[in-house]
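Undergrad: Residues per chain are reported as follows:
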Amino acid sequence: MAEYVRNLWYMAAWEEEVVDDARLPRTLLDEPLLIYRKEDGEYAMMANRCPHRLAPLHKGQRSGDTIACPYHGLEFNAAGQCTRNPFSGLIPPHARVKTYPAVGRYGAIWFWPGDADNADDSLIPDFSALDRPNPIVRGRTNFAANYEIISDNLLDLSHVEFIHPESFRTEGKIFGGQYEAEETTDGAIWSRWSMFNTVPPAWLENLPQDVRLDEWIDMRWHAPASMLLHIGFTAAGAPRAAAPVADMVNPHIITPETSSSSHYFFTRDPGEQSEKLANQVFEEEDRPMLEWIQQTMGDKDFWDWKPVILNVDASGIRARRRLMKLRRTEQANSEPLAAE
Amino acid sequence: MAEYVRNLWYMAAWEEEVVDDARLPRTLLDEPLLIYRKEDGEYAMMANRCPHRLAPLHKGQRSGDTIACPYHGLEFNAAGQCTRNPFSGLIPPHARVKTYPAVGRYGAIWFWPGDADNADDSLIPDFSALDRPNPIVRGRTNFAANYEIISDNLLDLSHVEFIHPESFRTEGKIFGGQYEAEETTDGAIWSRWSMFNTVPPAWLENLPQDVRLDEWIDMRWHAPASMLLHIGFTAAGAPRAAAPVADMVNPHIITPETSSSSHYFFTRDPGEQSEKLANQVFEEEDRPMLEWIQQTMGDKDFWDWKPVILNVDASGIRARRRLMKLRRTEQANSEPLAAE
Amino acid sequence: MAEYVRNLWYMAAWEEEVVDDARLPRTLLDEPLLIYRKEDGEYAMMANRCPHRLAPLHKGQRSGDTIACPYHGLEFNAAGQCTRNPFSGLIPPHARVKTYPAVGRYGAIWFWPGDADNADDSLIPDFSALDRPNPIVRGRTNFAANYEIISDNLLDLSHVEFIHPESFRTEGKIFGGQYEAEETTDGAIWSRWSMFNTVPPAWLENLPQDVRLDEWIDMRWHAPASMLLHIGFTAAGAPRAAAPVADMVNPHIITPETSSSSHYFFTRDPGEQSEKLANQVFEEEDRPMLEWIQQTMGDKDFWDWKPVILNVDASGIRARRRLMKLRRTEQANSEPLAAE
Chain A
23 MAEYVRNLWY MAAWEEEVVD DARLPRTLLD EPLLIYRKED GEYAMMANRC
73 PHRLAPLHKG QRSGDTIACP YHGLEFNAAG QCTRNPFSGL IPPHARVKTY
123 PAVGRYGAIW FWPGDADNAD DSLIPDFSAL DRPNPIVRGR TNFAANYEII
173 SDNLLDLSHV EFIHPESFRT EGKIFGGQYE AEETTDGAIW SRWSMFNTVP
223 PAWLENLPQD VRLDEWIDMR WHAPASMLLH IGFTAAGAPR AAAPVADMVN
273 PHIITPETSS SSHYFFTRDP GEQSEKLANQ VFEEEDRPML EWIQQTMGDK
323 DFWDWKPVIL NVDASGIRAR RRLMKLRRTE QANSEPLAAE
Chain B
23 MAEYVRNLWY MAAWEEEVVD DARLPRTLLD EPLLIYRKED GEYAMMANRC
73 PHRLAPLHKG QRSGDTIACP YHGLEFNAAG QCTRNPFSGL IPPHARVKTY
123 PAVGRYGAIW FWPGDADNAD DSLIPDFSAL DRPNPIVRGR TNFAANYEII
173 SDNLLDLSHV EFIHPESFRT EGKIFGGQYE AEETTDGAIW SRWSMFNTVP
223 PAWLENLPQD VRLDEWIDMR WHAPASMLLH IGFTAAGAPR AAAPVADMVN
273 PHIITPETSS SSHYFFTRDP GEQSEKLANQ VFEEEDRPML EWIQQTMGDK
323 DFWDWKPVIL NVDASGIRAR RRLMKLRRTE QANSEPLAAE
Chain C
23 MAEYVRNLWY MAAWEEEVVD DARLPRTLLD EPLLIYRKED GEYAMMANRC
73 PHRLAPLHKG QRSGDTIACP YHGLEFNAAG QCTRNPFSGL IPPHARVKTY
123 PAVGRYGAIW FWPGDADNAD DSLIPDFSAL DRPNPIVRGR TNFAANYEII
173 SDNLLDLSHV EFIHPESFRT EGKIFGGQYE AEETTDGAIW SRWSMFNTVP
223 PAWLENLPQD VRLDEWIDMR WHAPASMLLH IGFTAAGAPR AAAPVADMVN
273 PHIITPETSS SSHYFFTRDP GEQSEKLANQ VFEEEDRPML EWIQQTMGDK
323 DFWDWKPVIL NVDASGIRAR RRLMKLRRTE QANSEPLAAE
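Chain order of the listed sequences is A, B and C.
Numbered per my numbering, the first sequence finishes at 362, counting up by one with no gaps.
Numbered per my numbering, the second sequence finishes at 362, counting up by one with no gaps.
Numbered per my numbering, the third sequence finishes at 362, counting up by one with no gaps.
Bear in mind the hints are in silico, worked out from the structure with no lab data behind them.
Among the hints, a few may not be true.
Pairs count within a copy or across copies, as identical chains cannot be separated in the list.
Only pairs whose alpha carbons sit at most 30 Å apart, straight line, appear in this in silico DSS-like list of lysine-lysine [said to hold, decoys possible]:
1. Lys328 <-> Lys81
2. Lys120 <-> Lys195
3. Lys347 <-> Lys81
4. Lys120 <-> Lys60
5. Lys81 <-> Lys322
6. Lys328 <-> Lys60
7. Lys328 <-> Lys120
8. Lys347 <-> Lys328
Here the structure is a predicted model, which is why all the values come from computation and not from measurement.
So that you can see chain A by itself, here it is in the shape it has in the complex:
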């Protein structure tokens, strides 16, 4: 499988998963990692294995920002440095745990698996739309599928008409829509579907049925696979800027767990009905398709399958090419940047 791009911000967790003295174990990019919140409110992130005998640090005692290995009691500070050996005053100088830059922003924790010197937090994609007061459920699921298989899915929303006809009730509107791929100067790739002169959708139940709308479903992608869905509408023929309400936005942020499994971070409205819908979409509709594709693809690279490319794949293919280019750039650097 293709290598991961390392000099990027990846979402690691929701901030609410790492509160108080929690020590969250999470595998990201094939690495078992430990995340915890320091006493100053910042996050510490490090390899979840003691450099002595590989024991899992998240099972150890925590005292302040110090974690004690649960196996033989070596203690490490948030910088990964061993600060105490309970059986000797001697601390081997290379008794260090590899740490990673981690930043809390937009309710999420972002980590940088690459060269720490390049970890500029202004490069975190803008998810400020998530900083909103209304109650929201922040969720995570895990698919046994490579993250690029999932971004293929999310960047080609035409699948909604086939996989999710009951869940989203687009009722064929997407077939009459126009698709456009766009790259913007903030590094985003957009997949935009625009539907013109439409009957109001079911969820706008207060609108009279004889009103006509222009609607859009836009997915914004940032490398590696951090996406934000925008759904909006305006009066038919009116400019987008005249929309009566702001776009509804929902994150779809995918982070590789391994080369064949991914964490999928999402939000949904509170309540039983929303929970049921999310379960249906993720468990019954997306999961079987995405995991079948992973199974079928196996270890063979996407491009080696010589896949048919349709016009509606333009955004997904641009995203794949962007990642390929980033990988090549990193590989061209003669010294591996953040390899252990």
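Take the given structure of chain A and dock chains B and C to it, following the hints.
TA: Chains B and C only, in chain A's frame:
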């Protein structure tokens, strides 16, 4: 593991598994395949993955002979050609699904994974003995064992005295029998056991016990592992042609699912007792032995184990050598015939 | 993973697992093996696969010291030689099962996977301490961890304070103890912890609390990972030779099943409380740690992790180096000794 011989007819399914608008998914020779019956009564067989993003075609809608991909709605005809892209008039010319010749005969569907130009249906082995009016149950099981391990088993029936003494009650007759391997001009390899001057077996309960018989148990093999068991008897000393009834025949047709698992097609009489016997033979007696052997053999080739060869192995060894020769012939062709 | 040292005695089973006509199947060093007790009271040990078609010999009939293959009835004597072919007088001369020297001693069966000519039973490590009259339960568990990960654990008993504080109630004494690694002329490597001037431990409940003791916990290792734990005490300041009672000794004998799983042979006192303690120590405390480490280590060699070495690792590291040296010596022999 050894490659599959591709220019052969393999049994894919019973015809009764593929009725009406059924879309049967089945993995054969490591390939996920789709089988369905066309409106003209012939069978269509193709790779069970859309050439766009590998989605499973058997889960899509069917209209006439057209299958729509369940993921983004591309439609394919029975020749595997994409005939519709619901989001554009544009159909990429290489949007094709690989298809395979498939023929219904003797109640079974046979497919040809090799060069379609060579798919001469007169090469399907003669199982016309299955075209009989009496009611029969057509079954399939799956063993986690390579198909050649199973044909080794079936071509050396001496194992019946050890694995199936209760099920078949041969009561030691095979020990006193004569074994012969034979190759016939129709491409068959036979394993023949002849027992002379025997007491009538238990299943011939109407015969007086003082009658003496000559009995035979003959297994006929065609590549890759399509076998037909013949059981017959005549009066002791009389020629086979004088047998009072025709041989009882039963198919034992093995088709590789993967290199370490196989479909096993069989028939049995209707009724609870016959079902119970089949369960006992397949589940309790053959399965543990065959799957243990596969586990033990692992990825190491049969010949690399330097297995002891007994005289009763002559048929099984000839079958293995026949397949080796066929593989070598195919590999010697400079251009791969049916490789994707 | 590293190869196994072959010219060593490995514990295969407790003698009480192989009584009467038992045919014990057991995988050791990646080999499925068969162990049985011959009529003369000695043990036979051989590959648990028929050289004809790899069938599992432990499922066959036994008559005296002869085992009949359950598949086609070939019979083998305890030397592995085929002695009967039920379908022919002909016995192929190479119809042999590979056998291994096996010796019963100290209630255990030891086997030698290397060159049989070198299988000197005086090289079996001395476990005569196990030959005692008091009732004992001989147990075996299996960890999904390489045997060297387990000997690392057992040769560095400082972990007791972290993993087993409730089970063994050392109550911090080990922190105040002295650690010493020692190699003795019998080929043993010792890990010795000595605690001076201590309050009597909880299990010496009859001693007045104002007595002061010197205590020791010593682990003796022989290659590959056959260990004997010694626990003892004497009056504070008195020599060890003046101890009022002999050391309590307990075997911790580890034999590789595969490169990532191990048999762990132990003894414990009879009774429910002792059973409960053993379950707690093995299942709840050691197993999760050792199996996590194996999972994390994966196929990467221990040394490639550049593990931190502490002073308390001296015994474990000496044991690892001893095995490396033995492996190198065997590999330097131009002819493989006991490879099949």
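Undergrad: Now, for every hint given, state plainly whether the structure supports it.
TA: Hint-by-hint comparison with the structure:
1. For a Cα distance limit of 30 Å, the shortest separation of Lys328 from Lys81 across copies, 22 Å, qualifies, whereas the shortest one inside one copy, 45 Å, does not.
2. Taking CA atoms no more than 30 Å apart as the test, Lys120 paired with Lys195 passes in neither setting, with 50 Å inside one copy and 32 Å between copies.
3. For a Cα distance limit of 30 Å, the shortest separation of Lys347 from Lys81 qualifies neither inside one copy, at 39 Å, nor across copies, at 35 Å.
4. Taking CA atoms no more than 30 Å apart as the test, Lys120 paired with Lys60 passes inside one copy only; the shortest distance there is 17 Å, against 57 Å between copies.
5. In this assembly of identical chains, the alpha carbons of Lys81 and Lys322 lie at most 30 Å apart only when taken from different copies (23 Å versus 37 Å within one copy).
6. With identical chains, the CA atoms of Lys328 and Lys60 are at most 30 Å apart between copies only, with a shortest distance of 28 Å across copies and 48 Å within one.
7. Taking the shortest Cα distances, Lys328 and Lys120 sit within 30 Å of each other only across copies (13 Å), while inside one copy they are farther apart (39 Å).
8. For a Cα distance limit of 30 Å, the shortest separation of Lys347 from Lys328 inside one copy, 19 Å, qualifies, whereas the shortest one across copies, 33 Å, does not.
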